[in-house]
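Chain by chain, the residues:
Protein chains: 2
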Amino acid sequence: MSYIQQSFSVQFEYKVFFTEHLFDPSNPVFAEFLDSRAEKGIRKKLLFIVDDGVTKHHETLQEQITAYCSSLDNYELVQDIIVVPGGEASKNDLQLFYWLVNAVDQHAIDRHSYVIGIGGGSVLDLVGYVAAVSHRGIKHIRIPTTVLSQNDSGVGVKNGINYHGKKNFLGTFAPPAAVFNDAFYLTTLDERDWRSGMIEAVKVALIKDAAFFEWMETHADELAVGEPKSLQYLIRRCAELHMQHIGGAGDPFESGSSRPLDFGHWSAHKLEQLTDFELRHGEAVSIGIALDSVYAWLMGMLDAESLERIIQLLKTLRLPLYHPLLEIEDDSSPIMAGLEEFREHLGGRLTIALLEGPGKGKEVHSIDPATLRKAVNMLRDKW
Amino acid sequence: MSYIQQSFSVQFEYKVFFTEHLFDPSNPVFAEFLDSRAEKGIRKKLLFIVDDGVTKHHETLQEQITAYCSSLDNYELVQDIIVVPGGEASKNDLQLFYWLVNAVDQHAIDRHSYVIGIGGGSVLDLVGYVAAVSHRGIKHIRIPTTVLSQNDSGVGVKNGINYHGKKNFLGTFAPPAAVFNDAFYLTTLDERDWRSGMIEAVKVALIKDAAFFEWMETHADELAVGEPKSLQYLIRRCAELHMQHIGGAGDPFESGSSRPLDFGHWSAHKLEQLTDFELRHGEAVSIGIALDSVYAWLMGMLDAESLERIIQLLKTLRLPLYHPLLEIEDDSSPIMAGLEEFREHLGGRLTIALLEGPGKGKEVHSIDPATLRKAVNMLRDKW
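As they're listed, the protein sequences go chains E and L.
Mapping of the first sequence onto the UniProt record's numbering: residues 1 to 383, in sequence order.
Mapping of the second sequence onto the UniProt record's numbering: residues 1 to 383, in sequence order.
This is chain E alone, in the form it adopts within the complex (with noise of 0.2 Å):
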């Protein structure tokens, strides 16, 4: 058989800085940040693209942005700041996207200029998205705003859009130019917002490192409470073991199967979509590991004290448990649809993380729909 074989490597490398207040004239590290980018010669271009849950909080976003750029040699602030819609509606709408492609191809944005998204997860990955298709492929810088962006989505290498309904149906693997976590905007959250983005924090733990979780559990009235400095470990932490995960388990663009950073979300994924996103990501990923959790328990997987540790914690972050659309009558239950979504969405085999203990991820291959029936009665009648 005659073939020519092909062979490279990619490198792929950036850093998430951890500041506050990063437009601030006197805070040099978004500007330090693009100074060891510049390129002589060139002029780089910088197109920014705000998510509106954050410049309904921080009016004079807009103004900091471009008092900042001004003083940068070598960049080029767009004028036009854009601002879109923040959510999960942001991903639903295909006009959106392809308004800011247009917006790439109007300000002649190149792979050499950066686009930089502003926002929660969701604008991010829209951002993340039209950045990576544009030209093939432009460079972009995330400042993600929220706790679940910053601790989880906003530090990974994915982006998306849904599509017919299904979340994230198109989309790429293509990592940021650089992260940019800015506690500021932590302290300007909904309630439903911070709360909702410690799940990610929890699942990381339970999955990976059973000290972290300790240390949740010692915290976890300060946590109940968005306690600051408390948040901000935990979001640091998170975005570590995630990022750990992500370059360290030799598979950061997910060819195989195995996706335990995904544990909770099979069923997450599908309430977010049944409950038409009226639920959070983070909240739904709370019932999910809930799930998860007890049915591990069901199955003999998890010993009581370990379930019992987990329900405690989700309670006192007073995080959910259970919705109503998790009933589960027959195998036809909208949820149960979940789980070949689940599948196909991740291809192969299907494949669920669940749990042998804290910090001690175990991975199977089939989900007994008489046990899981179970689990979601307890979960709503037990706790």
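Keep in mind the hints are simulated off the structure, nothing from the lab.
Don't take each hint at face value.
No copy is singled out in the list; a pair is fine if it fits within one copy or between any two copies.
Said to hold, decoys possible - Straight-line Cα separation of at most 30 Å, DSBU-like style, residue types lysine-lysine; simulated pairs: (1) Lys-45 to Lys-362; (2) Lys-44 to Lys-166; (3) Lys-15 to Lys-40; (4) Lys-40 to Lys-166; (5) Lys-362 to Lys-382; (6) Lys-56 to Lys-44; (7) Lys-362 to Lys-44; (8) Lys-315 to Lys-382; (9) Lys-360 to Lys-40; (10) Lys-45 to Lys-166; (11) Lys-229 to Lys-374; (12) Lys-40 to Lys-362; (13) Lys-15 to Lys-360; (14) Lys-374 to Lys-360.
These numbers come from a predicted model, not from an experiment.
Since chain E is already given, all that's left is putting chain L on it; use the hints.
Frame of chain E; chain L shown alone:
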């Protein structure tokens, strides 16, 4: 400054197979490749998308594919073999893109299944883009059927569609899982297609391999009539040089501004667009190479003998040297806009590959309009 550093590399590998009659029951190449990718317990799907330029000349292709795939273990052919219009038009039609994305959705093609494109470079670019963004990247297999796609675009790592009249404005870098170059398809090409496809070999030889250029000069008469053995050698060597550049030059996903493989392409992209794609890509590149070679000679970079050899080879291969739309009246001539569009697509500083001699590319960062105009006039009047 406080940050977390992310760093990882992703390995990409694929083979380009050279074969004939790929779906003949006695040809094991395709089946063996799939066998090598089979996973226990997973039945993977195969979704074929075929260029109508191919089905026109190969009327029983769909039956052949169906018969061939019926004997595959672990794989299931999606019964709808999809036929799409071929040529550049397929990349201009956003509805066609979504029609194919919908097919991926409806047939539940997952990340372990394969989307397989059969056709010319345009259809492969479209299919590759569909696969690259569906579920954040489904594996795709390319079966290029033209000289151009077998020696150049089909063996590389890019995909894309046109948007707002801009060539490849939307796309990604996404290496295929495998490429199958089937020489039988070459025998049913229209003359313009096989002839114009040879230009990418002229290009890569001029930039990278003087010996290959000399081989083409020696075999120019055979090549000019499409003698099969010579044409097949040309394709193989061109594919090899193209792939060596991608894998070996350190920038497979083109994060820099340097693209030696785009020699002759800045004006070609513009000419294709100005002629509403009446000019084939290869014909436009031939004109582009002639233009940039004369320009290099006028600028004192290229000696007269080398220029004469290049022009002579293009003429012997009956490839075009000139098009009236090349005409440069002044700086606002349409062709001049191609320089800025080319710069914008690559990003950063204008970088044009020129020649110092056969096998010796050299980059420049500006083009003198007056000299370019002289070059155009010479091409119009002298040869």
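Violated hints - listed by number, lowest first: Structure breaks hint 11 only.
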